[in-house]
Amino acid sequence: MTFAKTLGRAKKKFSLFLNRFFKKKRTRIGIYGPPNAGKTTLANRIARDWTGDAVGPVSEIPHETRRARKREDIVISGANGHTVTIDIVDTPGVTTKIDYHEFLDYGMEKDEAIIRAREATEGVAEAMHWLREDIDGVIYMLDSTLDPFMQVNIMMIGIIESRNLPVIIVANKIDLAMATPARIRSAFPQHPVVAISGLEGRNTEELYEKMIQNFG
Amino acid sequence: MPHKCTKCGREYKDGSTEILKGCASCGGKKFLYVKESELNKDVLEEKSIEEIAGESNEEVLEVSEPTVKDKAKKEVEMFDRVETIRIVSPGSYELNIDKMAKTDERIVSVGGAEGSYIIDLMSMAKDEPKKKRGKRR
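Going down the list, the protein sequences come from chains A and B.
So the first sequence is numbered by the numbering used here: it starts at 487 and just counts up by one.
So the second sequence is numbered by the numbering used here: it starts at 99 and just counts up by one.
Treat the hints as calculated values from the structure; they're not laboratory data.
For glycine and all other residues, C-beta sits at the position ideal for the given N, C-alpha and C.
Careful, some of the hints might be misleading.
As the list claims (entries may be wrong) - If you want the footprint, here are the derived chain A segments under chain B, 3+ residues with CB under 8 Å: (1) 525-536; (2) 688-701.
What the hints assert, rightly or not - Straight-line distance between alpha carbons at most 30 Å, and here's what the computed DSS-like set of lysine-lysine pairs gives: (3) B:K105 x A:K696; (4) B:K105 x A:K583; (5) B:K128 x B:K105.
Claimed, not checked - What follows is a list of derived Cβ distance ranges for each label pair: (6) A:D620 x B:V208: 45 to 55 Å; (7) B:K133 x A:I640: 53 to 63 Å; (8) B:E203 x A:T631: 45 to 55 Å; (9) B:T201 x A:E546: 50 to 60 Å; (10) B:Y131 x A:E605: 55 to 65 Å.
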């Protein structure tokens, strides 16, 4: 009896050991950040570069993405042959205030703007739900033409840190003349910062390398 | 009827605003409400005010330090809010992302002023059975 038990236990241990080595490693990466930082543009860039597909539509009006969108099984390979398999989750922009008046400036009708504000509010709740339940790592996107010390950024980085999630900070929009990615680097010295242009695809190789390092 | 400082026994007239700053003699923060007839009981029976406070059922008045607490309150106001979403007006919202990061429970506050809330009970009940089942396995 005791021998059979020991054998059973040994078998179990061995299969756990095998699983650890051969289980398909897949990490779910959430792209977070304030509205209009370029989250969907980057998600589309990553999806196009590695699967030839797109994730969602982009717009200059804030809160274009109001539902989280997911693209699964993206395999990213680096220069030295290392790969990482990820699911990309493009999330709605997280902010503490949403007011429909902001959308009127873009020529939107009042009724439409109010609906957009309501959907955007639900979107923030959904993004935060994902962060709590399903995300293994975060790409935090910032517009490098803007001040990184906005309250929402400090809060979000704090929340991500408190959940012990690996994070890469992306200083986006370096194609614009006003961009100062150095300001973002000095604001968050405790995390890796990559300066890119999601729109032009500039410096995305560095981001992919950092993703393999941090999310692999 | 007057108050007496429980530390040093200094007497203060009823309704005195002085005690709000703490005892002027010793800086004590606790005061006992004493009856007129028992005003000198502590001296006559050679007891401290604290002992008398223990004997009588009278509540000991404790003066808080409003300045320090008020400052702390202002700093944590945003995090302290009970609601996850505040509807300032239709189409205008304030979101408490700190609270959203912690729980799915939705308490919605209506209007700019505090004191009016909508509580989404469904959001609080929804996930519970699933989690319990998961734990048992």
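Consistency of the hints with the structure:
1. Residues of the region 525-536 of chain A with a Cβ under 8 Å from some Cβ of chain B number 0, which does not satisfy the need for three, so the listed coverage is violated.
2. Given as covered by chain B, the region 688-701 of chain A fails the check, having 0 residues with a CB less than 8 Å from a CB of that chain where 3 are the minimum.
3. For the given pair, B:K105 sits about 64 Å from A:K696 by alpha-carbon distance, which is inconsistent with the 30 Å threshold.
4. For the proposed pair B:K105 and A:K583, the alpha carbon gap of about 50 Å is over 30 Å, so the pair is violated.
5. A threshold of 30 Å between alpha carbons decides the hint, and for B:K128 with B:K105 the separation of about 8 Å falls inside it, so the pair holds.
6. Under the hint 45 to 55 Å, the C-beta atoms of A:D620 and B:V208, about 31 Å apart, miss the expected range.
7. Against the hinted window of 53 to 63 Å, the Cβ-Cβ separation of B:K133 and A:I640 comes to about 56 Å, which satisfies the hint.
8. For B:E203 and A:T631, the Cβ-Cβ distance of about 37 Å falls outside the hinted range of 45 to 55 Å, so the restraint is violated.
9. About 34 Å separates the C-beta atoms of B:T201 and A:E546, a value inconsistent with the hinted range of 50 to 60 Å.
10. Distance hint check: the CB atoms of B:Y131 and A:E605 are about 58 Å apart, consistent with the given range 55 to 65 Å.
Hint check: violations occur at hints 1, 2, 3, 4, 6, 8 and 9; the rest are consistent with the structure.
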